[in-house]
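Chains as they are written, first to last, in UniProt numbering: chain F, 1 to 749; chain G, 1 to 749.
For the record, the hints were derived by calculation from the structure and aren't laboratory data. A couple of the hints might just be wrong.
The list makes no distinction among identical chains, and a pair is therefore deemed to hold if it is satisfied within one copy or across any two copies.
What the hints assert, rightly or not - Computed cross-link-like contacts, SDA-like style, restricted to lysine to any residue with a CA-CA straight-line distance of at most 20 Å:
1) K723 to I49
2) K122 to F372
3) K693 to R127
4) K286 to V327
5) K212 to Q240
6) K301 to K686
7) K542 to Y552
8) K304 to W210
9) K286 to S675
10) K122 to L697
11) K542 to P604
12) K596 to N223
13) K301 to M684
14) K686 to D317
15) K284 to D536
16) K693 to S208
17) K693 to L71
18) K541 to K693
19) K747 to M73
20) K693 to T487
21) K310 to T412
22) K687 to L625
23) K212 to K693
Protein chains: 2
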Amino acid sequence: MSTDPAEKIKPFSHLFPSMVPRTPDIGAGDKASFGDTTKKQGLQLQTPIINHGVDYVIVFRYPVKTSNNRLQMEQQVMYGLQSLTTKLARAQLFFEVKQGQERGTLLILVGCPQSRLYKEYKTERNRDFLLGISMDSPDFALNTDASNSSEKSSLRHGFTEADRLRLIYDILTSPENTGGADISPHVDPFVDSIMPLHNDDFNKKWISTWSKKWIINDDDLWNIRNHFGEKIAFYFAFLQFYFLWLAIPAGLGVLVYFTHSNTLSIWYSLSVLAWGIAFTEMWKRKQMELAVRWGVHNCSKHEKRRAAFKGDTTVADQVTGEEMPFVPAWKIVLRRGLTIPGVALGAVFLLVIVASVFTLQLFLHEYYTGPFHKILHYAPTVGYVLLIPTMSGVYSKWVRLLTNWEMHKTETSWEYNYTQKIFVANFLVGYLSLFFIAWIYIPFGDHVLPYLNEFNISHDHQKVDFQRLQDQLVYFVVTGQIVGFLTEMVVPYLMSWLMPKAKQLSAKVIHSGSSTANGDNNQEETTDISTSSTGDAEFIKKINREVGLEEYNIYTDYVEMVIQFGYVSMFSPVWPLTALCCIANNWVELRSDAVKICKYTRRPAPLRAESIGPWLRNMETIVWLSSITMGSFAYLFHPTTNLHSSHVPLYTLLAILLSEHLFAAFRLAIHAIISVIPDWSDLMIKKEDYKIKQNWLQRLDKAQGNLARQDEGRSLEDDPMAKIWCGDVDVGARTDVGMEFIRNQFKSS
Amino acid sequence: MSTDPAEKIKPFSHLFPSMVPRTPDIGAGDKASFGDTTKKQGLQLQTPIINHGVDYVIVFRYPVKTSNNRLQMEQQVMYGLQSLTTKLARAQLFFEVKQGQERGTLLILVGCPQSRLYKEYKTERNRDFLLGISMDSPDFALNTDASNSSEKSSLRHGFTEADRLRLIYDILTSPENTGGADISPHVDPFVDSIMPLHNDDFNKKWISTWSKKWIINDDDLWNIRNHFGEKIAFYFAFLQFYFLWLAIPAGLGVLVYFTHSNTLSIWYSLSVLAWGIAFTEMWKRKQMELAVRWGVHNCSKHEKRRAAFKGDTTVADQVTGEEMPFVPAWKIVLRRGLTIPGVALGAVFLLVIVASVFTLQLFLHEYYTGPFHKILHYAPTVGYVLLIPTMSGVYSKWVRLLTNWEMHKTETSWEYNYTQKIFVANFLVGYLSLFFIAWIYIPFGDHVLPYLNEFNISHDHQKVDFQRLQDQLVYFVVTGQIVGFLTEMVVPYLMSWLMPKAKQLSAKVIHSGSSTANGDNNQEETTDISTSSTGDAEFIKKINREVGLEEYNIYTDYVEMVIQFGYVSMFSPVWPLTALCCIANNWVELRSDAVKICKYTRRPAPLRAESIGPWLRNMETIVWLSSITMGSFAYLFHPTTNLHSSHVPLYTLLAILLSEHLFAAFRLAIHAIISVIPDWSDLMIKKEDYKIKQNWLQRLDKAQGNLARQDEGRSLEDDPMAKIWCGDVDVGARTDVGMEFIRNQFKSS
């Protein structure tokens, strides 16, 4: 119907897909925006219009079924909506209220005028400049060639969809005194979430390209960055980098697997340890490099303060001078202190569950031979698959509460603390059983036996033990990851396949409601869109579908990878094929995550980031721990070790002591080696700053003019030193004096 | 004779001390240069004229007694002088050739015209700005108030004597393509050294003030900075800071000393360990703070390249684009690699000497009872006092050669490597014997006994052992430091007292020579100074005296302090009064070092520095080591430990393992605690940059004007988004739509 000429112009009608300007082909897309056009682009901040000009959708959810005083509730809800819309209006944003699919939800479609966007853009550039995030001030970006050739100014790459959405998100969430709408989910009443809409064409292209190619290159990451923003892009960059690095332990692992039978090889342990250190070090570099390329280097200097953080008072910021909410330090310290037991509690709770599930498994595997033991073998696996994930889900909800209670000023610190807390849980779930087997079950297993059962075949028993550790590892690396894949991909797929039926049902309910609503609307206002318009309806359906999805949670993806990294760096000597399995898994992971983001989760609001945040540190901790595991394993599982001697604990400790120092030495050495390699990003930054500043000095020539004049003013006449030295005498003469001295001395001697 | 009116004006004659403008009183001196006058000062770069306008003296030393072809040598010397003077002339510097006191030395007195100084000043400011050392560009410093209130721009503090001398030193040493004279001692033929002259008035005041006051405050450091430059100032700042911090272990130590009899207290060990960590951490802060106050923060970004470094080729620097000498990396790596055995060799050589002296001492103390043993007791001490210092002197000459051979591009890296190499030696000399006693002699002493002598009183013996360690420590802390003081202060004093006699002798020789020389000069040139003029003669005498002194070597001063720090942090539990002795020593040290610089060494050329360089790292290493010593001592010297059991080594290792982890934990905790304290310097920097940049943006308003215009251009008419959203409809209406929905839903439910 897009071809229907008689169609009267109404807001959405001329925006049928066929008529919407498309995002250029992936890859070509950004290249196109390079070069001379950038300046104009910089001015226009033009990005192809997608989703009928709807930048964000605010999901407004209110309880309908309230038994007591519905009228009051209705008032509240209305007031909530009122204040929301006023906020939007005050922030100079366009909006449109639509009815959601479920009962008690409204969808507020938000769009941003170019002028407002431009204003925000300028503000951000200025702020970036003032805080030293980029040396580029806005007018520079537009007027000097220094900054066109700049790797740092985002203009270099044209103004991207991600930039647009990020800026609008800032407008929506930033405090009102800075011209924002100051809207934030769960803080404003009934505001459930703020979400951008997927760019379906991009997503299609993305998935199709990636499923076709073997290796993800920088251009691909580049596209993600331009579309989803740096935070998401960094995840994929990390995943890809890690994927490539896994090749080393995978290769060595295969080698070891076929050379060494069932024993653990020291040199493989050492090389894995070295690999772990080198990997983390090199990632630091890669991270930095990407940050510079993507023009987000230093962006963490501007820490977006949490809307949820309302201080007791407000004080002027020492640097920028703007009013900031403030809470006395003691209060924060106190709360942070108090959350530690809280986290500990959660951790213990998980510990107990994991331990019990595991001991059950151990019992069934090792001792139980009663009826149904074939079937019962799988009981613990069920436990792992169903019980533990749910429990850790509970745990993360719990720590989220705690972290909120900790009063974090900035998003960054909130995230950091939250992530660390989650990590504790995943660490337990991921490794506890392995530690238990390696350090308790194997050395002391047969001390316990007499009390347990009657059969006591120590030598055989010991063999079984090492096998046991291996099995456990294999279970995690193979079964675990397959299960993970299923839950991540297949389940949501089935859900989305089952959904429609559910939708059918609810849809009917809506239609009755909405039609009446439209009736009213049309009376009130003619310019409003009738939901009956098919093209529009299509779009509305898309919105509803996306609202129905859950939000994308980057934590879980990172956790998965970091825990996996742990298996490789801490345990792979136990089963050398670990790395190989991980590499296979990650190849799929890269693609499936792409699919996940596109199909099974809402589009995340693009955010700036200059690193993978706390995960690097977690990995470094893991590498340190791996020096401990390696050391102890190397001693415990060495063929010559007699696990029944009483020295075992002592010698194990010594082995650990040794390998920890080895680790420290390795790290020093690797640091030294890497530092020899010239650092690209470092150089780029220096170069950039230098260029821009040079440019500045040129522009300040006028100002320097007067200096120059004063300079000319200085002649030897009015120079006090000249008076003393009578600067007019000729050099030759003065030298000759010296010559004379020399001559004399050679004479006289 | 300054009052003699008939005196005809000649270069120096009107510069008799009485007529020379004096440096203002210390303390008041810098205050005076604050405030409104700074601008003018910045332009004039006026500092009181001292030393008759002689900024530097170049000592030109050539061999007179050359047996073979004296003529050729004479030619060479003359050529050397010729090239030197041309260089000076080309660099637009004033100079005057004088005859030195010893035969075969010329003194080239160098002065710098204001105009040249000003040019250099401007260049430096520009470079600092371009390299991001200071955000302040020269014209800023002069035209904006932002930078007058700036803690960073050196103008804030007026242009100091140190600034002047530093800049002139730069002119003298920097390569010719940057307008310098490119003179460097031992690289240019016969150029022995470049030295500024002492400002006697300042020195007098300095010593008198410090000898009067108990505590050195920031103003005092400030004066040193203004006079001797940041590098020297940092030494005194560190010394003072360390001195104050010593109060803590000293206090605790006294407490322990009187509570615990002769045993070693664990909690004191732990508190000393914590102290060590806290001290290094806090110094980092203090250092940073001083760097910011003194306006040298980041100054290490500009690494002065070594004149001695002549690359195989020259390449353009990636950042600044200026031509830099270049050497292929492999060559450097190779050489660095090869020096390691070189250093090892030197270290072993020292090791042997120290060990032998020590074992001799041990033997004499513990076993020898033959004739003269009373006297012979002191033989080793003599060894320590005479033999070892000379040997380590040899060692440092040796490593200096090695470091030169390593081809270092910059002074910084040269210094760093040299310092580390020296430190190895001092570490051996300082601690080897203590380690030996603690870890070898005490645990295994009585295993050796049977082979050694007949008397074997094990229990008593053990007692003696711990005592032995204590004695050794006491020896180092008390005797050692007193001896150190003597060699540092009394010996040079005696020397300077004995010198005159020697001078008398040589003086005669000269006079014959010089008088003839003058004769010739007067014929040649009338404007030259006749050395007979008394006022002038006085000045010449001063110069000769200072030329006769040795150069100030900051390494030795640092080493002394860092090694002392080691005694406190690694060993003080063995003798709790250690810290107390050190505090006493350092109080004297602070003053005696001042005297040393003023009286017994040449004035060092002022250099910029933003830290104490490698010493911080060395101290951190020592703190880590102290976790090892503490752990082992805590076990070995615990009353309950039976040193004869076979587990001793094993358990010692475990104790070390434990305490190392304790150390790591402490460090984490202390980091965390300190990070809570807001960082003054960090804040200052941010504030500064922010202010200056803001100021910049204002100045670039014109440039931004066009943006503004484009901005006005944007109205909703030409806004593509506005078209879609028909931006003209009123907000109320759009909200009402939502209201309607809500009403319906509450109705319908």
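Unmet hints by their number, sorted upward, for this structure: 2, 4, 8, 15, 16, 17, 18, 20, 22 and 23
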